[in-house]
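These protein sequence lines are chains A, B and C, in that order.
So for the first sequence, our numbering puts the first residue at 13; every next one is plus one.
So for the second sequence, our numbering puts the first residue at 13; every next one is plus one.
So for the third sequence, our numbering puts the first residue at 13; every next one is plus one.
Misleading hints may appear alongside valid ones.
PhoX-like mimics (lysine-lysine), calculated; alpha carbons at most 25 angstroms apart, straight line [as the list claims (entries may be wrong)]:
| no. | chain 1 | residue 1 | chain 2 | residue 2 |
| --- | --- | --- | --- | --- |
| 1 | C | 150 | B | 42 |
| 2 | B | 150 | B | 42 |
| 3 | C | 150 | A | 42 |
| 4 | C | 42 | B | 150 |
| 5 | A | 150 | C | 42 |
| 6 | A | 42 | B | 42 |
| 7 | A | 42 | B | 150 |
| 8 | C | 159 | B | 42 |
| 9 | C | 42 | A | 42 |
| 10 | A | 150 | B | 150 |
Sample of chain B residues at the chain A side, in silico, Cβ under 8 angstroms [as the list claims (entries may be wrong)]:
| no. | residue |
| --- | --- |
| 11 | 34 |
| 12 | 38 |
| 13 | 47 |
| 14 | 87 |
| 15 | 136 |
| 16 | 173 |
| 17 | 175 |
Think of the hints as simulated: they come from the structure by calculation, not from any bench.
Computed from a predicted model, the values in this text were never measured in an experiment.
Idealized CB from N, CA, C, for every residue including glycine.
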Amino acid sequence: MSLITLVTDFGTCDQYVGAIKGVIHQLAPKATVVDITHDIEPRNILRAAFVLRHVWPWYPRGTVHVVVVDPGVGSARQILVGRYAGQYVVAPDNGVITLVHRDLPLEALCVAEDRRNFLPKVSATFHGRDIMAPLAAKLSEGMSITKVGPPTDHVKVLSLPTPDYRPEHVMAGTILFVDRFGNLVSNISREDLASTLRHRPSAQVYLDGVCIGPIRTHYAEVPSGKPLALIDSTDYLEIAVNGGSAAERFQPAGDAVVEVR
Amino acid sequence: MSLITLVTDFGTCDQYVGAIKGVIHQLAPKATVVDITHDIEPRNILRAAFVLRHVWPWYPRGTVHVVVVDPGVGSARQILVGRYAGQYVVAPDNGVITLVHRDLPLEALCVAEDRRNFLPKVSATFHGRDIMAPLAAKLSEGMSITKVGPPTDHVKVLSLPTPDYRPEHVMAGTILFVDRFGNLVSNISREDLASTLRHRPSAQVYLDGVCIGPIRTHYAEVPSGKPLALIDSTDYLEIAVNGGSAAERFQPAGDAVVEVR
Amino acid sequence: MSLITLVTDFGTCDQYVGAIKGVIHQLAPKATVVDITHDIEPRNILRAAFVLRHVWPWYPRGTVHVVVVDPGVGSARQILVGRYAGQYVVAPDNGVITLVHRDLPLEALCVAEDRRNFLPKVSATFHGRDIMAPLAAKLSEGMSITKVGPPTDHVKVLSLPTPDYRPEHVMAGTILFVDRFGNLVSNISREDLASTLRHRPSAQVYLDGVCIGPIRTHYAEVPSGKPLALIDSTDYLEIAVNGGSAAERFQPAGDAVVEVR
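Taking the hints into account, I'd like the entire structure generated from these sequences.
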């Protein structure tokens with residue numbers, strides 16, 4: 013058994029996802045196709061990079077992840093195939109590999125150039141179907157990554173806002189994402205906080221100056237409807253409302269400031 | 013082949029569902045994962061209970077249903093594994109098993125306590141990934157339910173509004189759910205109606221006092237745009253509009269009254 | 013391995029899709045179920061016909077496509093099973109087969125009448141579960157299409173707006189669909205345009221009289237935020253905005269006119 017996962021911004025109303033799955037099943041009849049998400053906001057490369065990074069640790073060696081968030085389709089942007097920690101990613105070189113590339117050991121990286129791995133006819137607007145799906149199918153059938161095309165050592169990397177460690181053991185960051193529950197996911201990791209919490213075990217979390225309280229462990233630790241901060245399941249600091257939506261409650265702007273002090 | 017189904021309120025924008033699927037595929041490589049729904053309204057335990065109950069009859073023996081609608085994650089609420097009529101459910105003890113427990117024969121029920129069945133590291137906010145997914149994988153690989161933890165005979169049960177059989181053979185209930193088509197699903201079952209219809213074969217259905225007409229068998233029995241009542245595919249009385257949305261047409265309040273008289 | 017795909021308007025909030033999948037897995041344990049879409053707009057038969065047509069070429073022989081967009085469920089409308097180019101479709105006879113029937117070689121067509129292929133108890137409102145799912149399962153297990161019921165040569169066909177080839181080599185059509193990205197998909201195919209472009213290689217595309225420019229090959233050929241026209245991955249003329257939504261930009265009415273002149 014081999015797994016091919018899909019992370020796309022195609023939504024599920026159109027024929028795009030169905031076409032990609034058909035190509036994969038046709039070329040790799042033994043592969044299992046796994047829907048991770050097709051609901052990445054259109055063209056939101058950073059969001060796709062984050063989802064890819066945070067599903068990666070849970071998949072077995074040999075899994076092929078196909079990421080089709082590809083606003084530059086048909087332009088000069090390249091398609092890359094990378095192997096990190098025994099798993100593969102097939103994706104446009106537009107930044108979607110940023111976080112996997114930053115955090116996981118790179119084993120091989122190639123540019124998809126050998127057209128024998130593509131569908132015979134390649135459209136200008138749907139490389140997910142015509143290039144990435146057949147490549148994923150062939151990798152899952154055992155094709156060596158060296159057959160993909162020439163090796164490269166260049167990946168386009170998004171510049172991400174990084175948290176600041178300020179004087180007096182204050183850690184300051186921002187909100188990166190809002191999840192389905194309205195939880196606000198910051199760019200401050202458990203690791204980033206280690207030093208602050210060592211020096212200030214009773215540090216409080218602030219969102220745009222409003223105190224949210226100490227760092228809790230789970231949602232039900234505060235009464236229903238009350239805000240709280242915790243380290244979430246991806247090991248990042250998150251601001252939530254127990255039984256509610258922190259996004260609705262706080263409506264943070266794009267440059268919201270999260271501080272732990 | 014064994015099936016593991018997923019009923020969650022995670023939506024499909026985030027990494028949550030992808031992480032759960034990865035854990036299952038990693039630990040149970042022969043299992044087939046079936047998406048039932050990830051679009052349960054956040055924290056709507058009753059809706060999940062209803063969906064679980066109404067897919068149950070269609071699955072084969074040995075199927076493992078994982079229900080992750082878990083607002084109390086990390087608190088003292090327990091995780092249960094139950095076997096009913098040859099199928100398994102892995103779910104938090106918050107009421108999501110209510111309808112299966114009421115309607116299907118219980119064969120075994122255990123509290124998930126043996127940490128050897130969990131992931132090595134258990135987060136405080138994502139037991140779907142760290143506890144429920146590995147448990148489901150192990151059950152589908154043939155682990156006995158007795159290895160889950162101590163048996164129990166207690167399940168948290170939601171109190172549901174029950175229909176009233178009133179004098180003069182009037183049956184009165186309320187609206188439980190609105191489905192995707194805007195159909196209004198009541199809490200009055202085919203069985204509840206048997207006596208009323210025996211005494212009053214020409215009984216009419218009323219929604220908040222407005223006559224909807226007799227109980228029909230299918231939507232196209234009335235002209236397009238007209239309302240009707242029928243017994244739906246889950247054997248409950250439903251109010252619909254042929255080719256339209258009864259929810260838009262009637263905009264029923266939470267305490268809407270459905271009568272058959 | 014055999015594939016059974018699903019195209020429905022059930023959405024993913026309710027139990028409908030889960031019930032269909034259960035029936036299929038129970039009756040065809042070796043089949044792989046592929047979600048194409050459950051998000052067809054309720055009762056939008058034309059949209060389902062289009063999706064079915066444009067995923068078809070990518071699936072292997074023997075695939076069974078189940079289309080449950082069925083507002084007439086329970087009425088006198090028939091359920092058909094067709095084989096076109098080695099693949100099967102199981103669908104109500106309401107027009108969803110229109111485009112497959114128009115474009116692909118018909119090999120066999122039967123009316124689903126033999127009740128031994130249905131579930132023992134057939135509801136009046138959910139033939140997707142009670143008739144189409146078991147039929148698809150049996151076909152994927154190798155049952156001959158001749159066992160479905162009597163052959164027929166009649167399929168209900170939707171009347172589609174067709175583009176006009178006007179004097180002076182002008183091609184005029186309309187917008188059929190808007191996809192997830194807000195791209196406007198017209199009813200003018202690559203083939204329809206061949207003659208116009210031969211006579212007028214520098215022809216421009218107009219939407220309701222507004223010039224969109226020449227036919228490009230990919231989105232990034234114009235600056236971000238600018239409109240463009242191209243032949244899309246289904247070989248139809250499409251109007252888009254690079255990095256944006258043409259639907260938002262132009263808000264075309266239902267009778268919008270697309271011209272190439």
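Any of the earlier hints contradicted here, and which numbers? 8, 10, 16, 17
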